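Chemist: Residue-level listing of the chains:
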Amino acid sequence: MSTVDIKRVVIIGAGQAGGETAQRLRQGGFEGDITLIGEEPLPPYQRPPLSKAYLLGDLSIDRLFLRPASTYQEERIAFLPSTRAVWIDRANKRVRLEGGREIPFDALVLATGARPRKLPLVGADLPGVHVLRSVSDVDAMRPAFVAGARLAVIGAGYIGLEAAAVARKLGLEVTVIEAAPRPLARVTSPEVAGFFLDEHTRHGVRFVLGGQPALIKGKNQVTGIALADGAEIAADIVIAGIGVTPETSLAQHCQLEIENGIVTDEHCRTSDPGIFAIGDCAARPIAHFDRVCRLESVHNAVEGAKIVAATLLGHEHAVEAPWFWSDQYDLKLQIAGLFQGYDRLVLRGVMADRAFAAFYYKGEKLIAVDAINRPAEYLGAKMLIQTGRTLPPDVIVDTSRPMKELVANAR
Amino acid sequence: MPKITYIEHSGKEHVVDAPEGQTVMEAAVKHAVPGIDADCGGACACATCHVYVDPQWVSKTGEASSMEQSMLDFANDVEDTSRLSCQIKITKDLDGLIVRLPKSQH
Numbered sequence: 001m002s003t004v005d006i007k008r009v010v011i012i013g014a015g016q017a018g019g020e021t022a023q024r025l026r027q028g029g030f031e032g033d034i035t036l037i038g039e040e041p042l043p044p045y046q047r048p049p050l051s052k053a054y055l056l057g058d059l060s061i062d063r064l065f066l067r068p069a070s071t072y073q074e075e076r077i078a079f080l081p082s083t084r085a086v087w088i089d090r091a092n093k094r095v096r097l098e099g100g101r102e103i104p105f106d107a108l109v110l111a112t113g114a115r116p117r118k119l120p121l122v123g124a125d126l127p128g129v130h131v132l133r134s135v136s137d138v139d140a141m142r143p144a145f146v147a148g149a150r151l152a153v154i155g156a157g158y159i160g161l162e163a164a165a166v167a168r169k170l171g172l173e174v175t176v177i178e179a180a181p182r183p184l185a186r187v188t189s190p191e192v193a194g195f196f197l198d199e200h201t202r203h204g205v206r207f208v209l210g211g212q213p214a215l216i217k218g219k220n221q222v223t224g225i226a227l228a229d230g231a232e233i234a235a236d237i238v239i240a241g242i243g244v245t246p247e248t249s250l251a252q253h254c255q256l257e258i259e260n261g262i263v264t265d266e267h268c269r270t271s272d273p274g275i276f277a278i279g280d281c282a283a284r285p286i287a288h289f290d291r292v293c294r295l296e297s298v299h300n301a302v303e304g305a306k307i308v309a310a311t312l313l314g315h316e317h318a319v320e321a322p323w324f325w326s327d328q329y330d331l332k333l334q335i336a337g338l339f340q341g342y343d344r345l346v347l348r349g350v351m352a353d354r355a356f357a358a359f360y361y362k363g364e365k366l367i368a369v370d371a372i373n374r375p376a377e378y379l380g381a382k383m384l385i386q387t388g389r390t391l392p393p394d395v396i397v398d399t400s401r402p403m404k405e406l407v408a409n410a411r
Numbered sequence: 001m002p003k004i005t006y007i008e009h010s011g012k013e014h015v016v017d018a019p020e021g022q023t024v025m026e027a028a029v030k031h032a033v034p035g036i037d038a039d040c041g042g043a044c045a046c047a048t049c050h051v052y053v054d055p056q057w058v059s060k061t062g063e064a065s066s067m068e069q070s071m072l073d074f075a076n077d078v079e080d081t082s083r084l085s086c087q088i089k090i091t092k093d094l095d096g097l098i099v100r101l102p103k104s105q106h
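Chains A and B, in that order, are what the protein sequence lines are. Here the first sequence is numbered in our numbering, starting from 1 and rising by one per residue. Here the second sequence is numbered in our numbering, starting from 1 and rising by one per residue.
Chain A with its partners taken away, still in its complex shape:
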């Protein structure tokens, strides 16, 4: 189908990926119908602050919204909140909503996101056991986030550690239980993970590494966690931060190709050329890294929206290298690239200064950076990765030369 034939775009999922797609289509000059279907009652909002400023109570809810709710009407975007899509009829190009209404489309965008994994344990449904994905999740746990309360975080990924940092700031007692022998095992190197472990320990977080939760205890309210080795951790609040599962059920029912997410090409097209998939639910070939990945990040959500809008409008679009960030205490971690498969790690700066960057190499190629309170190293490395350049490890460690100068001379 040529892009000029597209008069009706339907977007399922009103998170950051879906919301940005609607906006970028309209801003880019698309004049047809746009329908944005979201299960949550709120207009599209940013999720990253949920485990940071919003949990801390520093950010009012309207500041989370990508755009004020009124703009959707002003821009002729039919936003349907609290609405569930239940079926995609590929042959007739229609989406069926709960209640039976059907919406026809010329192009469909699946931005259905991901579901937090629930603890596969007895007691996981007790009041006081939470996940951290949506505004309503945070609103539900906030009243219990008071000084002296005991928080147990299961899973030491970024969201769990961010929540732990906020909780310490508010004066809660915090225990983090992680099944792996170290925190952040899936997302960074042992060196950088060790740095964050030390930081949290210094801030009073207790870690149970290699800990296997066996049972959530409590009658009408959670009271603690029993571990497989018999130990028990008392808790008034539990946050399960054990990852997410891509929301692919609609795609599955209409037989789109799925492999750890809805599979797409570099234009975010699924195995049906009239259907796109973006954000946490989708896996696409990542430019600069010769592989198909499902990334859970703001950058990936926004990039997907930009790609779909550019594809539908027939515009050019240059893809960025993947980037991420995390805020914990006064530490800003900025990540560019994908570190998986590295064979050499080089530090620029020293950890003791709480401002350093870990550069990841595969052979001679620079593939990623974890920059802690080092924004120049982050942006410099991102630029190198995007342009396919590298810097030799013995050059990158030389802190007497500013990053900008090194990048300017890189090949």
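Derived from the structure by calculation, the hints contain no laboratory data. The model shown is predicted, which means the values in this text are computed figures rather than measured ones. Glycine included, each C-beta is placed from N, C-alpha and C at the ideal position. Mixed in with the good hints, there may be bad ones.
What the hints assert, rightly or not - Derived pair list, reagent style EDC-like, types lysine to aspartate or glutamate, alpha-carbon separation capped at 16 angstroms: (1) B:LYS60 / B:ASP93; (2) B:LYS30 / A:ASP62; (3) B:LYS30 / A:GLU75; (4) B:LYS89 / A:ASP58; (5) A:LYS217 / A:ASP125; (6) A:LYS404 / B:ASP73; (7) B:LYS92 / B:ASP77.
Said to hold, decoys possible - Per label pair, the in silico range of CB-to-CB distance: (8) B:ASP93 / A:ARG94: 50 to 58 angstroms; (9) B:GLU20 / A:ARG142: 39 to 47 angstroms; (10) A:GLN221 / B:GLY21: 33 to 41 angstroms; (11) A:ARG94 / B:LYS103: 36 to 44 angstroms; (12) A:ALA231 / B:VAL58: 56 to 64 angstroms; (13) A:GLY100 / B:ASP77: 52 to 60 angstroms; (14) A:LEU126 / B:SER10: 53 to 61 angstroms; (15) B:VAL58 / A:ASP343: 45 to 53 angstroms.
Here the structure of chain A is known, so what remains is to put chain B in place on it, guided by the hints.
Modeler: Below, chain B without anything else, positioned relative to chain A:
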């Protein structure tokens, strides 16, 4: 409520009501001013909300922090009055602020 004028690279002006306590980036994004991407939502993580503060206003907007300055070092077409608009908080004193937008954020 303070008013802020954003001038696109093309010269097109946008005058926006900007609530105190929010940032110059947020007011732009919420009013769909083109030319400020702010992909990270104001976490000082992406450097795509670069603006030039009108020279008359520089004393009131203050100076960039070292973190912000490091990010700006890698932005395109940086000038003396360049700032990341997510790092400028709106106050009463900024009523009438004028900022210009660069050609591109990437």
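Chemist: So, for every hint listed, does it hold in this structure?
Modeler: Each hint tested on the structure:
no., hint, verdict
1, B:LYS60 / B:ASP93, "holds (7 angstroms)"
2, B:LYS30 / A:ASP62, "holds (10 angstroms)"
3, B:LYS30 / A:GLU75, "holds (13 angstroms)"
4, B:LYS89 / A:ASP58, "holds (14 angstroms)"
5, A:LYS217 / A:ASP125, "holds (11 angstroms)"
6, A:LYS404 / B:ASP73, "holds (7 angstroms)"
7, B:LYS92 / B:ASP77, "violated (29 angstroms)"
8, B:ASP93 / A:ARG94: 50 to 58 angstroms, "holds (54 angstroms)"
9, B:GLU20 / A:ARG142: 39 to 47 angstroms, "violated (25 angstroms)"
10, A:GLN221 / B:GLY21: 33 to 41 angstroms, "holds (36 angstroms)"
11, A:ARG94 / B:LYS103: 36 to 44 angstroms, "holds (43 angstroms)"
12, A:ALA231 / B:VAL58: 56 to 64 angstroms, "holds (58 angstroms)"
13, A:GLY100 / B:ASP77: 52 to 60 angstroms, "holds (54 angstroms)"
14, A:LEU126 / B:SER10: 53 to 61 angstroms, "holds (58 angstroms)"
15, B:VAL58 / A:ASP343: 45 to 53 angstroms, "holds (48 angstroms)"
In terms of the numbered hints stated before, the structure departs from hints 7 and 9, listed from lowest to highest.
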